[in-house]
Amino acid sequence: MNVAEKIANYGTRIFDPSQMRIRRFNFKLIARLSGMLLIILSCAMVFPLAVSLYYRDGAQFDLALSGVIILLLGLMLRNILGHNASYELHEKESFWITSIIWLLVPLTGSLPYLFTGATGSFTDAAFESFSGFTTTGASVIKDLDHTPQGLLVWRSMTQWIGGLGLILFIIALLKKLNVGSVQLYDAEFSGTIQRKLHPHLATSVSLMWMIYLGLTVGLVILLLLCGNEFIDAFCIATSAISTGGFMVHTAGLAGMSQLSLALITLFMFISGVNIALLYKLATGKIRLLSHNEEFRIYVGIFAGAAVLSAVAFFLKGYPLQRSVCYSLFHVASTISTCGLSLPTPHVWPLAVSGVTFFLIIVGASAGSTGGGLKIKRLMILRRYVHNYFTRMLHPNVAFSVTIDGERISDEYINKIFAFAFMYIIFIVGGAFVLTICGVDIPTAVCVAAANIGNLGPSPLINALGANFEYGNLLPLAKWTLMVLMLVGRIEIFAILAIFSPAYWRR
Amino acid sequence: MKRTDIYAILRPLGIPLMGEGAMMLLCIIPSLHFHDGTTAQMLCCGLFTLCIGLLMLLSIAKQTERVDRRVPYIIVALIWVVLSTFGTLPFLATGALHSFSDALFESMSGFTSTGATIFADIEHLPPSVLLWRSMSQWIGGFGIILLILAIVPSLGINKYSLYTAEASGAESVDKTSSSVSTTIRRTLVIYIALTLVFVVLLRLTGMHVWDAVNLVFTNISSGGFSIYNDSLSAITIQQQYILALAMFFSGINFMLLFYLATFRYRRIRHKLDQFSFYLGIAVLAIAVVALALHYKMDWSWSDSLRCSTVQTISVLTTTGSLVADTSTWWTPILFFYVMLSLCGGMAGSTSGGLKIMRVLILFRNTRNILRNRLHPYAINPVRLNGMPVTHPIINNVMVIFFVYLFTIIAGVLLLMLSGVNATESFGACIACITGYGPGLGATGGFGSYAGFTVVAKYIASLLMLMGRLECLTVIILFLPRFWHR
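Protein chains in written order, with the numbering used here: chain G, 1 to 506; chain C, 1001 to 1485.
The reader is advised that the hints may include incorrect statements.
Said to hold, decoys possible - Label pairs and their calculated CB-CB ranges:
1. Ile498(G) / Ser1181(C): 50 to 58 Å
2. Glu469(G) / Lys1296(C): 21 to 29 Å
3. His1208(C) / Lys316(G): 53 to 61 Å
4. Ile1029(C) / Phe399(G): 52 to 60 Å
5. Leu81(G) / Leu1479(C): 54 to 62 Å
6. Lys316(G) / Gly1386(C): 56 to 64 Å
7. Gly1386(C) / Leu81(G): 18 to 26 Å
Hints in this document: simulated from the structure, not taken from any laboratory. Think of the CB as a built atom: it goes at the ideal place given N, C-alpha and C, for glycine as much as any other residue.
Model the full structure from these sequences, guided by the hints.
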């Protein structure tokens, strides 16, 4: 076929009416993929079930029942609704898949909470589950000590599964899906320039999972070596690595030794680093660390915030060693948007509250499991603003924003700005609904910011000077917070796209 | 910085100072009429300010040499600082206020047409001071329009840098057709005409001229000082609606009003996008608040509609007149108002906030990004009045938005560090930066800022200044880069 023929054929393919058909949404594929994920979820239920049987905590039947229900639902979706699905994926479906999966999985994941009765209502169960899968860590369960161990393990596992992102789960599993997987990947991870680890996306995602798994197993073993119980070690490790923040005891981390706390601090810090960078480190390219600008800023912010809060604590009259340890833990927990906290001091120094708020907004590195606006985005924005001020004085100088030696286009900067703008709008909107539910204004803003940043637990929010408890919220407030968590976890524009009129226009 | 540059900075301050002195002398009129015993003090203040201004103007020869690029930024910030500093004289001389921080706060609040007040009891002030407060807002309101429409272009501040929205695409049509002096003349005509019309309207409803003048001065400039302790709730319903209209006008671009008044409708076309958005937001917000007042606070329909209309317009144009004690209103309404005041009126009006045009660009940009994700190869730029807005301009609007936001966060934190509680800092910071005035908690409603510590008052004054000059112009003065070389 020569060129002319090709062009001619190309033309007919587009304009030949017999060839034209309205492309339907590939619902089958969506059903199949979500079904597969549910089946995996039910397989994951085996582990909490085993724990439950071992401890005889009385939750075994509930866990088994929910596991079976999830399995059946998954099989139905995968083999009946998603039968013969074609693996053709387009932009429109990729938004849908992301959103549907992120709704379906947490909703089914709330079954164990409902069956065991650990949470009162469906809203509470859903809240706990959403909070887990989005690695927020906000909890409505007040009495953890009397919660079945099996359920606690399930709770921690949801964080771990959601930590890297449900979509990455699918991509890693489905090497077949290579065509549309980049779009899927974008829908969950975009807004940050993500260098792939491997030319084949599925392989690089598998590598990311390996690192993630490796870190978790490492921390569990280390914590066990420190003499912690298995349940504690497992739950806290998954909380720290996935930057979730669920606790195991009502008393929090009070019972842990200094060494374990130090380990947790270190791993929280690591989990706020870009996983791609961690992979490169693991392969021995240590020099990259000092060249990576985002990592340098991350360390800088961490150090600055830790020093500032240590000084603030020290000036409040805490002993030196305690203020240093405390602020290191607190800052690592906040910057990685993990949310674990030590027993709180009665009065937080105002400077620490300020630092905490700043860290909540900033968040972790791009490409990490943490949330927030992400340091890389803010670096780009800061550099643009910096250039802008210079341009006010020297109007004819041309500037460009560069990160790691790469020039960033105006269009891309515009996207980041728009992202940050929508992020703020969601915080404001969420805070508004919270005020309707009777929360006072500053608390509402802080809670909304913490939840969209996937940093949930109330002790950390109370570090901002509030006196706040999730359990006391109205259902409307809880659902709003769930939306915020989702928005913070998936890419904002992927959700908004579904609601935009342009999406539905043919 | 050379010596000639310093002259170039001082000289433009002379004329506004002389104007300020003349205004102070005008305050003698009510003083004489009401026999409040402050005539001598006001006379001294006026003459002193006038003399200083005259000295500045005469002693420094006009420079023809090309001045440093930094000079305009310093001038713009200094005009407000100097006017406010001299504006403290009447408060201090008449003994209405005793400390400089209080007087500066009140004066800054006047000249930035914010409307945040330090006085708990306004009705006991001497009439001359009352008129001075109102007058300072009237001057301030006029000043900001002059700054944006005339002074900034004439000082040669780079058009892409500062009032970006004004300089972008559609707006530049005006710039080419009218010179600076025409713009000043037209603005002045419209401003004075509006003032007169509303004074007459209020007079027709039976209000005393004294009250009418004061109220119109503070509302047409989107300031919000009042001569009553109860702000607008002290006047009749009819008068409230008239003032709501005045506030609504204060949020409209003054060139648009000029073209409307001179029947040049083709010129208006370039501003219709902004205007319809302004109108749309106003109507929507009024409806929402009216519903909330009726259903949530059990007000009668007529009351909730009236209060919602007047108060929402007051918030949207960042005026700050109060139709009722808003501090007792339902919290979500107050939060909504805080956010609405961030939005502000149209660019080129007396109102503060981010300005409607910027908000419009920000939202349209979001819509566009969504469209681009669905159709990655389609070319559809953000359009304003049918003209494409390029990425650099949108990004500049974004810069202003984020610097604004950053200033707010920093301001809240500083206020909290100076000992104000969280709710009040949040409310006061945004109220000062947008130029709305009443904050939340003790500073909201018919309350005052009297409870602030001295440091907090200075911070609030700085925030007002930053808000009025759109943050960037003030922040750049604090950058080390600015003073290098």
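Quick rundown of the hints versus the structure:
no., hint, verdict
1, Ile498(G) / Ser1181(C): 50 to 58 Å, "holds, 54 Å"
2, Glu469(G) / Lys1296(C): 21 to 29 Å, "holds, 25 Å"
3, His1208(C) / Lys316(G): 53 to 61 Å, "holds, 57 Å"
4, Ile1029(C) / Phe399(G): 52 to 60 Å, "holds, 54 Å"
5, Leu81(G) / Leu1479(C): 54 to 62 Å, "holds, 60 Å"
6, Lys316(G) / Gly1386(C): 56 to 64 Å, "holds, 59 Å"
7, Gly1386(C) / Leu81(G): 18 to 26 Å, "violated, 47 Å"
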